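Engineer: Now for the letters of each chain:
There are 2 protein chains.
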Amino acid sequence: MTAFTSLLQVVQNCDKYPYVIDPSSKDDIHHATPFILGPYKIGNVLPSVLPALIAYNNKDCKKPFIISADAIEFGPWVNTPELRTEEMKKLMDTWRQEEAFKVLAGWRNELYPVYGDSKRSDNVAFVMERAATPLFGISTFGVHLNAYTKTEDGQILMWVARRSKTKQTWPGLLDNCVAGGISYNYSVRETIIKECDEEASIPIEIASKAKSVSTITYFTYTSGGLQPESEYIYDLELPKDFAPTPCDGEVDCFYLWPLEKVKETILNDEWKNNCSLVAIDFMMRHSFITPDEEPDYIDISYGLHRRLEFPTPRKGQQ
Amino acid sequence: MTAFTSLLQVVQNCDKYPYVIDPSSKDDIHHATPFILGPYKIGNVLPSVLPALIAYNNKDCKKPFIISADAIEFGPWVNTPELRTEEMKKLMDTWRQEEAFKVLAGWRNELYPVYGDSKRSDNVAFVMERAATPLFGISTFGVHLNAYTKTEDGQILMWVARRSKTKQTWPGLLDNCVAGGISYNYSVRETIIKECDEEASIPIEIASKAKSVSTITYFTYTSGGLQPESEYIYDLELPKDFAPTPCDGEVDCFYLWPLEKVKETILNDEWKNNCSLVAIDFMMRHSFITPDEEPDYIDISYGLHRRLEFPTPRKGQQ
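Order-wise, the sequence lines are chains B and A.
When the letters of the first sequence are read in order and numbered with the UniProt record's numbering, they come out as residues 1 to 318.
When the letters of the second sequence are read in order and numbered with the UniProt record's numbering, they come out as residues 1 to 318.
FYI, nobody ran anything at the bench for these hints, they're computed from the structure.
Be aware that a few hints might be false.
Said to hold, decoys possible - Distance condition first, Cα-Cα at most 20 Å in a straight line; then the derived SDA-like pairs of lysine to any residue:
#, chain 1, residue 1, chain 2, residue 2
1, B, K41, B, I29
2, B, K211, B, Y186
3, A, K209, B, G75
4, B, K119, A, Q9
5, B, K150, A, E237
6, B, K41, B, R130
7, A, K150, A, L259
8, B, K211, A, I289
9, B, K41, A, V20
10, B, K63, B, G75
11, A, K211, B, D22
All figures in this text were calculated on a predicted structure; none of them were measured in a lab.
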């Protein structure tokens, strides 16, 4: 881990997909092939994934995909949400069996919606395994909860989670109190209430007081692939006599920290990348980061709200 | 006035400068010439302004500007903040005397900073008259305050201003409780406290409780020119027994409205454009607009946080 010298660096370390593509770059990240559905771009496929996709497609005489230098799309006969879901599942099952991509070892048996046509009120184009989304650079959606209490004199203390050391991704790092991906057929609110229970033993009577306050959007990537993500943000003021406790083994313990400590550990690179963005958004909304003191105030706001070029859900997440 | 069918339309009606420039378009808005300072773009000059700029520049044998088809910049001898300020002032004084542009009739005698070099801690490149900024498409900065109270049962009521019918811009429309541009040498906080007093008779004891919560950024334009703008947002919960009152003649009266009425009047196009965006941001942060109910939730967030391509202030607004 290396420390950051500014919060803007922290944001850019997560929102790091290039804003301007440079075709002359030797870095693979500049050479993704768009994954399209009609007039919509719904993902990107990196050069590290493309050969396996071409090989798979060539083995199947029905060819589920049309692959050109400019774009990848479903073949003309794969023209319903059900067929797209089925063909994507077959592909991923094959790759999983072949152990073609490490990221598929994290198989979740959790279906994520992939959105298409922005003009339709129900615009789920198909669904696919969560762990496989980075291979196609699919835009995913989650919820993160900032839980906090206030001291007698009004100072905010934030509940911060320490991720389990045995967790597959980002083990041992700091995290928001509660977070989770939004699976197909779950609303945002249902997801946050479910995750409050599963991750932090926060009962529904308390969790239902969580307030929707914001969304952050960024485009990151890891060795597993591309991750354009939208996180819906909730704030929950917890009663002073209530402490979240680990439940499902995802979290080791919870800390109750002043925001100075939150900021310090963020700059010290002790947080899971995207979770530090959620905490920064919280600190801006709660006057702890202010424009008179933070020289990068506006640039940080840009990085927390990147305009992603993919269709967004048209009907909540249902 | 025409009503809007969605909040996203309201946002797009303000954040309306094209995201993609179309050189084949016949609309002037697609044919602005960048105003640059070294490697930074600090503005844009529309075709409606360019001939007057060329004529002015040609009259002066020292030629304060270099004007090409690709860019406009200061001449090499105009190389300090003082000289840039002076040359810009001479130009605008001339245009004002000549009544070359209607927008200069709104002369304020108020200096706005123009930011350059993003790497310097004090990056004010020069200052110029506020009313003239749209002619060069200069990025400007303001503060807006959402004042509200809570009823016994926790319902939020928002203080909404009705702009004076004699105001030069947007007369008679609805507005945030307090708002103002940030002049050169004022901090964000100083500006909001000054404007609270001047516009709404909110004394410093109360105004100083205003909380910095957010910033919205958008790129709009009017017949007067281009306006890329950043508004720092403050929330202020007013005591139940305190009502803002007009003071400097800018506001006719204040209303205390439930958020349903705020949203209804926004959709009915009764608000000054950018102020409705501030109120929408408030309604998102206070759980009145939520992702499960608002199909454009993420797209609205994009429009409230447009990444502008101009340098931002590096040291608050001082």
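Engineer: Now tell me, hint by hint, if it's right for this structure.
Structural biologist: Results of checking the hints against the structure:
| no. | hint | in the structure |
| --- | --- | --- |
| 1 | B/K41 - B/I29 | holds, 17 Å |
| 2 | B/K211 - B/Y186 | holds, 17 Å |
| 3 | A/K209 - B/G75 | violated, 60 Å |
| 4 | B/K119 - A/Q9 | holds, 14 Å |
| 5 | B/K150 - A/E237 | holds, 17 Å |
| 6 | B/K41 - B/R130 | holds, 19 Å |
| 7 | A/K150 - A/L259 | holds, 11 Å |
| 8 | B/K211 - A/I289 | holds, 11 Å |
| 9 | B/K41 - A/V20 | holds, 16 Å |
| 10 | B/K63 - B/G75 | holds, 7 Å |
| 11 | A/K211 - B/D22 | violated, 41 Å |
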